[in-house]
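*Asks:* Each chain is listed here by its residues.
2 protein chains.
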Amino acid sequence: MKLSQSFTKTTKTAPADEVSNSAKYLLRAGYIYKEMAGVYDYLPLGMRTLDKIMNVIREEMNAIGGEELRMTSLQPKEAWDASGRWDDKVMDVWFKTKLNAGGELGLAPTHEEPFTRLMKTYISSYKDLPLYVYQFQTKFRNELRAKSGIMRTREFMMKDLYSFSKTREEHDKFYETVAAAYLKIFDRLGIGDCTFRTFASGGSFSQFSDEFQTICDAGEDIIYLDREKKIAVNEEVYNDETLKTLGLDKAKLEQVKAAEVGNIFTLGYKYSDALDLCFNDEEGKRQKVFMGSYGIGPSRVMGVIAEKLSDDKGLVWPVEVAPYKYYIVGIGEAGEAKAAELHDLAPEDVILDDRKNARTGEKFADAELMGIPYRVVVSDKTLAENKVELKNRSTNETKLLTLEEFVSKLS
Amino acid sequence: MKLSQSFTKTTKTAPADEVSNSAKYLLRAGYIYKEMAGVYDYLPLGMRTLDKIMNVIREEMNAIGGEELRMTSLQPKEAWDASGRWDDKVMDVWFKTKLNAGGELGLAPTHEEPFTRLMKTYISSYKDLPLYVYQFQTKFRNELRAKSGIMRTREFMMKDLYSFSKTREEHDKFYETVAAAYLKIFDRLGIGDCTFRTFASGGSFSQFSDEFQTICDAGEDIIYLDREKKIAVNEEVYNDETLKTLGLDKAKLEQVKAAEVGNIFTLGYKYSDALDLCFNDEEGKRQKVFMGSYGIGPSRVMGVIAEKLSDDKGLVWPVEVAPYKYYIVGIGEAGEAKAAELHDLAPEDVILDDRKNARTGEKFADAELMGIPYRVVVSDKTLAENKVELKNRSTNETKLLTLEEFVSKLS
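Order-wise, the sequence lines are chains B and V. Going by our numbering, the first residue of the first sequence is number -5, and it counts up by one from there. Going by our numbering, the first residue of the second sequence is number -5, and it counts up by one from there.
No lab work stands behind these hints, which were simulated from the structure alone. Each residue gets a CB set at the ideal place from its N, CA and C atoms; glycine is no exception. Treat each hint with caution, since some may be false.
To be verified - Here are the computed lysine-lysine pairs in the DSBU-like style, where the Cα-Cα straight-line distance is at most 35 angstroms: (1) K46(B) / K6(V); (2) K251(V) / K178(B); (3) K279(B) / K28(V); (4) K3(V) / K(-4)(B); (5) K92(B) / K71(V); (6) K92(B) / K375(V); (7) K71(V) / K279(B).
Unchecked claim - Some chain B residues well away from chain V (every beta-carbon gap over 12 angstroms; in silico): (8) T5; (9) N136; (10) G196.
What the hints assert, rightly or not - Just the calculated beta-carbon pair ranges, DEER-fashion: (11) G97(B) / V13(V): 54 to 60 angstroms; (12) K167(B) / S118(V): 46 to 52 angstroms; (13) K223(B) / S402(V): 40 to 46 angstroms; (14) E399(B) / G59(V): 29 to 35 angstroms; (15) K114(V) / E53(B): 52 to 58 angstroms.
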């Protein structure tokens, strides 16, 4: 990508009403644009970053047998009446609207009911089970307060997977498979070392649900963390009984603020009961399907990564997440020509800062603000040695590579 | 993809209220699921098909300098007051809703206003122009009547590009560039020979807009077509004056039903006036930005392709659009083993019909219903000659390929 041909520009200041670092940097660096409180557009850099996060999640969901599909946002009342969740008192984040042709519609804040309803068409026998389906889809939630930039919004990207199992045992096994996949995802996304499986309140079918909480001052949750055991307890279930059940020692727990980046939940028969989702078992007996749900919000994860890993100069993206891997600045005539040549070898890897009206210092500052993993300088001086200079955004380390070494790194 | 591990199944019948062939086949083959009238989920096969159509469009939009981003559906009233389009009498397809925190919101049925508003942040000088931005985004339209399956729906995928130019001349040049790109897109999508640039009603800034209309009995438009000149006139502007302006001979025109698959529109100063989007020209004089908009609905295009190219056995996808390229059926023990081996070489290219409970005839019928471009049979008999049998879904031609020849075709 050539900066001279990109419409976004970095700015020195962010809107005064943004308090979180992540929101300020994402706005200043041209990743997002604020439509209104809690509603943000994803500009080219932001869209690429979000897509990269989604692709990591997609790969891991496919690896555990997930089938991807795409449900709708518009939902008819009928589908939600059976579970009782059409009622605004039961689910208070609905956006509802009216059909010109008559009738009330809602914008799905979650998708348990539509997935359960869909599966009534496709599940009839034990041979159809277990099955795992997921989507990346825009969720709408009528939050009273939007907070911390893209960390809590009213319109956001969500990966939600639903599992349909024959038995509780089959479910429990898959539940642990997803838990392991989630830890792998957060590792790949660069927040593995500060993200912890956290016991939270369950439902009728299990004492606890599991959240994945990233230690983060801008987070909304309080968790009690056993660093040694690598597990935590959400404040909402932090009591002597919980600690005893989990074998945790109060004295060893650390109280920290955290942001929820994922959750997995044993739904049991809640929705298969309400919507009558059944299968015929090996003996031909009609049985209810045992369900689970598994969420990760890629846009919130993007906000948390931005919040956690940024420094006083701007964003710091892990390589798997960064919109581009290299930010190339050419200095001098030969340097500029070579920089353009390197860009053209791998335009999907590279931001070429070919702006005529920006000084080198400004270019360096923008590379840091945007958080691109490696800044690459090509100057008459480096070229005299047939080299380029690579600076690591995260460690600040600088090293010289031969042109051949650098080219071999491009995809 | 292995059919034994996919949750969807083909069915012999479609819901009685679906009248169009495309909707019937897409539902029966497990591409889509109907949430309600005019609202369809995209199941794994449907999602892949839609994504392939989107990727063809994306490649051509990038090739003409489009930058991709993603705007939101939720829209504050203020952004649309300036243009007057918040008014339901001016734009009658709004879905509107209320914010719990207070205030009215709408679900964007189109995005001229938000793009214009966004550009007030990024356009200030003639150096910033021209620029071209686009998105793939879910549009919501409160249509009184939904029709023909995914051809006219209330929630659908849209590619909308907006151009921002310094002058009318600059605009006109890009407008023609997009028109050429659109023809290329419809060619690649397999409907080039039956899709025509069609003159339709314009606006304050041009006598005509351009539609791209595909000849189709299930379409909603009537066009008058000059096959030789490869242009058409929409019924709405079909009159002597139009024919004279365009140099068309009434006697040579053919009246046909057609479905609109794309449109391009000269917006002129309509939105830059309303929202005060300006730039400083070379002389430092403040000028209004000249705009255009360019839409293609990938989900409607998918419906039109399904409608146009299907036959009495089911769907017929062009290779660029098909969710998978090959549908492999193994017959006999050795055939099944080799079929599985071929699948594993390129699971993204191949549907392996490894269902234990389906007869070969059923498998062949499903391959046809799903519209996969090539059916591949691997049996003890073909293997005796070190070959596989390829049947072309569109031409019905059958030929034998050596295993090596077939493997070299896989990606």
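*Asks:* Compare the structure with each hint and give your call.
*Replies:* Here is how each hint holds up against the structure:
{"no.": "1", "hint": "K46(B) / K6(V)", "verdict": "violated (40 angstroms)"}
{"no.": "2", "hint": "K251(V) / K178(B)", "verdict": "violated (54 angstroms)"}
{"no.": "3", "hint": "K279(B) / K28(V)", "verdict": "holds (29 angstroms)"}
{"no.": "4", "hint": "K3(V) / K(-4)(B)", "verdict": "violated (46 angstroms)"}
{"no.": "5", "hint": "K92(B) / K71(V)", "verdict": "holds (17 angstroms)"}
{"no.": "6", "hint": "K92(B) / K375(V)", "verdict": "violated (61 angstroms)"}
{"no.": "7", "hint": "K71(V) / K279(B)", "verdict": "violated (55 angstroms)"}
{"no.": "8", "hint": "T5", "verdict": "violated (8 angstroms)"}
{"no.": "9", "hint": "N136", "verdict": "violated (5 angstroms)"}
{"no.": "10", "hint": "G196", "verdict": "holds (27 angstroms)"}
{"no.": "11", "hint": "G97(B) / V13(V): 54 to 60 angstroms", "verdict": "violated (21 angstroms)"}
{"no.": "12", "hint": "K167(B) / S118(V): 46 to 52 angstroms", "verdict": "violated (59 angstroms)"}
{"no.": "13", "hint": "K223(B) / S402(V): 40 to 46 angstroms", "verdict": "violated (53 angstroms)"}
{"no.": "14", "hint": "E399(B) / G59(V): 29 to 35 angstroms", "verdict": "holds (33 angstroms)"}
{"no.": "15", "hint": "K114(V) / E53(B): 52 to 58 angstroms", "verdict": "violated (39 angstroms)"}
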